[in-house]
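**Student:** full-length UniProt numbering numbers the first residue of the sequence shown as 1 and each following residue consecutively.
Note that these hints are calculated values from the structure, not bench results. Errors might be hidden in some of the hints.
As the list claims (entries may be wrong) - With a Cα cut of at most 35 Å, we get these calculated DSBU-like pairs of lysine-lysine: (1) Lys254 <-> Lys537; (2) Lys99 <-> Lys147; (3) Lys332 <-> Lys308; (4) Lys47 <-> Lys184; (5) Lys156 <-> Lys172; (6) Lys253 <-> Lys298; (7) Lys228 <-> Lys308; (8) Lys376 <-> Lys424; (9) Lys156 <-> Lys386; (10) Lys184 <-> Lys325; (11) Lys274 <-> Lys324; (12) Lys485 <-> Lys462; (13) Lys424 <-> Lys47; (14) Lys119 <-> Lys47; (15) Lys445 <-> Lys376.
Claimed, not checked - Between beta-carbon pairs, the in silico distance windows are: (16) Thr289 <-> Lys445: 35 to 43 Å; (17) Tyr208 <-> Gly529: 22 to 30 Å; (18) Glu98 <-> Lys627: 19 to 27 Å; (19) Phe61 <-> His643: 27 to 35 Å; (20) Asp343 <-> Met526: 40 to 48 Å; (21) Glu301 <-> Asn21: 53 to 61 Å; (22) Glu98 <-> Phe61: 48 to 56 Å; (23) Lys78 <-> Lys538: 29 to 37 Å; (24) Gly170 <-> Tyr421: 32 to 40 Å; (25) Met303 <-> Thr405: 34 to 42 Å.
Think of the CB as a built atom: it goes at the ideal place given N, C-alpha and C, for glycine as much as any other residue.
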Amino acid sequence: MILMQLNQLTKRFGAELILSNIKLEVQMNDRIAIVGRNGAGKSTLLKMMAGEMSYDSGEIFKPKETTVGYLAQNTGLKSDETIWNEMEQVFSHLKGLEKELRSMETDMADPALMEDPEKYQQLLSEYDRKQEYFKTAGGYQYEADIKSVLNGLNFKNFDWNIPITSLSGGQKTRLALGKLLLTKPDVLILDEPTNHLDIDTLAWLEGYLQGYQGAVVIVSHDRYFLDKIVNTVYEVAFQQSKKYHGNYSDYLKKKEEDFEQEMKQFEKQQQEIKRMEDFIQKNIVRATTSKRAQSRRKQLEKMEKVDKPKDDNKSAKFSFQTAKKSGNDVLKLRDLAFQYSEDSPYLFDGLNLDLSRGDSVALVGPNGVGKTTLLKTLVGELQESKGTKMIGTNVQIGYYDQEQTKLNSKKTVLNELWDDYPMKNEKDIRTVLGNFLFSGEDVLKPVSALSGGEKARLSLAKLMMQEANFLILDEPTNHLDLDSKEVLEAALVDYPGTLLFVSHDRYFINKIATQVVEMLPEETRMFLGDYDYYAQKKQEEYELQQIEEAERQAEQSVDKEPQAKNSFQQDKEAKREERKKNRRIAEIEAEIEELEAQLEENDELLCDPEIYQDHEKSMELTESNEKNQRRIETLMEEWESLHE
1 MILMQLNQLT
11 KRFGAELILS
21 NIKLEVQMND
31 RIAIVGRNGA
41 GKSTLLKMMA
51 GEMSYDSGEI
61 FKPKETTVGY
71 LAQNTGLKSD
81 ETIWNEMEQV
91 FSHLKGLEKE
101 LRSMETDMAD
111 PALMEDPEKY
121 QQLLSEYDRK
131 QEYFKTAGGY
141 QYEADIKSVL
151 NGLNFKNFDW
161 NIPITSLSGG
171 QKTRLALGKL
181 LLTKPDVLIL
191 DEPTNHLDID
201 TLAWLEGYLQ
211 GYQGAVVIVS
221 HDRYFLDKIV
231 NTVYEVAFQQ
241 SKKYHGNYSD
251 YLKKKEEDFE
261 QEMKQFEKQQ
271 QEIKRMEDFI
281 QKNIVRATTS
291 KRAQSRRKQL
301 EKMEKVDKPK
311 DDNKSAKFSF
321 QTAKKSGNDV
331 LKLRDLAFQY
341 SEDSPYLFDG
351 LNLDLSRGDS
361 VALVGPNGVG
371 KTTLLKTLVG
381 ELQESKGTKM
391 IGTNVQIGYY
401 DQEQTKLNSK
411 KTVLNELWDD
421 YPMKNEKDIR
431 TVLGNFLFSG
441 EDVLKPVSAL
451 SGGEKARLSL
461 AKLMMQEANF
471 LILDEPTNHL
481 DLDSKEVLEA
491 ALVDYPGTLL
501 FVSHDRYFIN
511 KIATQVVEML
521 PEETRMFLGD
531 YDYYAQKKQE
541 EYELQQIEEA
551 ERQAEQSVDK
561 EPQAKNSFQQ
571 DKEAKREERK
581 KNRRIAEIEA
591 EIEELEAQLE
601 ENDELLCDPE
611 IYQDHEKSME
621 LTESNEKNQR
631 RIETLMEEWE
641 SLHE
């Protein structure tokens, strides 16, 4: 079933063409990624699909009953409500319907209404219809859904009765995502939904979206996330869209194959054109071959030319080198701890870490555990509260700050780099900036006017110029488009020095890390492998923990058995009580079954015109039903109590 279709969509901002002849189709259960360079128009396309922005020409087809939910980048939830009340608003229609059902139940017990069988029957039918809708719409489980989403988005340790206004920007963004997920639209449109999510929350969101009942359309720079979720990729390049089947890795492979094939076809035709042109030039003036040359000229004029395939792979080009070699021991941390003040608790404590020359270590852990703070203590921006920090011989540290606070917003791009290396020629500085995609007049832009991606590239250019042998990187892939991430990966893979980095980009960690350090408030743990290895070991530990917990509970239940001389008698008594309880449960179930059969029989009789026109008989059956229903409720309470 087609939920949305875009045909020949075009969008301009003033005279600038942003998108042209866009074709896209969304079907039920599709998982679609929209990819392309920064500025290609991905977010603009999502806004048009969501109805948040107009388009200049073309059409968007969407059935009237299709619902669409849209989450823009970094959209924080703006509300004065508490966390729980705001989430519960999604189900206000169900809460209203629940009140209606309770009111109808009160009316059904009114003896005066029973005197009018027709109205009573109408009420029963209306009640059945609304109760069935209430059930299928999730009326009995929406509170469980809210709890599941809040726990999944890392709000499990929060007081859900606190006002949303007291939360941070990242927390409000996660709540906006959670509220949208609870609405369960037919088409879920997400623009960079992985921002502000730690690795555990990302894994939860992947599982949620994999099982989502509708269609999902995503723009994301998280390649690991895309590989897990999507089955279709639309690339937006040169104002147009192209469809690929498969996940992100499949798209990269197919795109490269298509480009090579198109280039071969183009080159083959160019060779053919050159051969025909040479033949025409040599033979057009000869009387004996002039006609053949003219015939070739006509063929050449009629030939359908193959365009040279466009390549948008204008990528930054750089590599990280070291000015000198460090000693074998690069970093040793022993029982390191940090607190912001003497009165505040330790952010982390008892942290131990050893790094040797050539190590490439990813630092992972939940948000708020102090990963960025640790990096700042290593570079001297913050002072550790206790413990020892030893930097090795000849170690030169280069630090990449995810906030780019080292950039001077008042300088131009050129001066930001040149002022650090005044002895270098301007031409050399411009060459370096050109390798990071700053060319021509771009180098004269003020730093304050740069986008997040441009500031990231400028910070990387400064880092490269340092030629440090120990790079400490805090979220280096933030703000980079997919292509720039791949270039950075290639540069770091060939880096001869030592790496310590914090990243939520699991694809990046898999490419770069040889070790993963999990940072927790009380300890650090080393895993000798990439992210997939770390995730596998964590899963194995979780499964082992579950087995041990089950065994522990079994042992506790055994330990609780009486050990005194009368243990046999007590055990015998317990078994007798168990048999008595089971007999009572069986009796209750049998009685409930009889009562429900009686209810069903009475309901059928009430539908008989002869019966419901007989007021006394109708009243008698109704009272019998109410009595049976009350008895069933009493029995159910006893049944639940016995099971507990």
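**Student:** If a hint holds in the structure, say so; if it does not, say that too.
**Tutor:** Going through the hints against the structure:
no. : hint                          : result
1   : Lys254 <-> Lys537             : holds (33 Å)
2   : Lys99 <-> Lys147              : holds (22 Å)
3   : Lys332 <-> Lys308             : violated (55 Å)
4   : Lys47 <-> Lys184              : holds (18 Å)
5   : Lys156 <-> Lys172             : holds (15 Å)
6   : Lys253 <-> Lys298             : violated (39 Å)
7   : Lys228 <-> Lys308             : holds (34 Å)
8   : Lys376 <-> Lys424             : holds (30 Å)
9   : Lys156 <-> Lys386             : holds (31 Å)
10  : Lys184 <-> Lys325             : violated (56 Å)
11  : Lys274 <-> Lys324             : violated (53 Å)
12  : Lys485 <-> Lys462             : holds (17 Å)
13  : Lys424 <-> Lys47              : violated (46 Å)
14  : Lys119 <-> Lys47              : violated (50 Å)
15  : Lys445 <-> Lys376             : holds (29 Å)
16  : Thr289 <-> Lys445: 35 to 43 Å : violated (60 Å)
17  : Tyr208 <-> Gly529: 22 to 30 Å : holds (27 Å)
18  : Glu98 <-> Lys627: 19 to 27 Å  : holds (25 Å)
19  : Phe61 <-> His643: 27 to 35 Å  : violated (53 Å)
20  : Asp343 <-> Met526: 40 to 48 Å : violated (32 Å)
21  : Glu301 <-> Asn21: 53 to 61 Å  : violated (28 Å)
22  : Glu98 <-> Phe61: 48 to 56 Å   : violated (36 Å)
23  : Lys78 <-> Lys538: 29 to 37 Å  : holds (36 Å)
24  : Gly170 <-> Tyr421: 32 to 40 Å : holds (36 Å)
25  : Met303 <-> Thr405: 34 to 42 Å : violated (59 Å)
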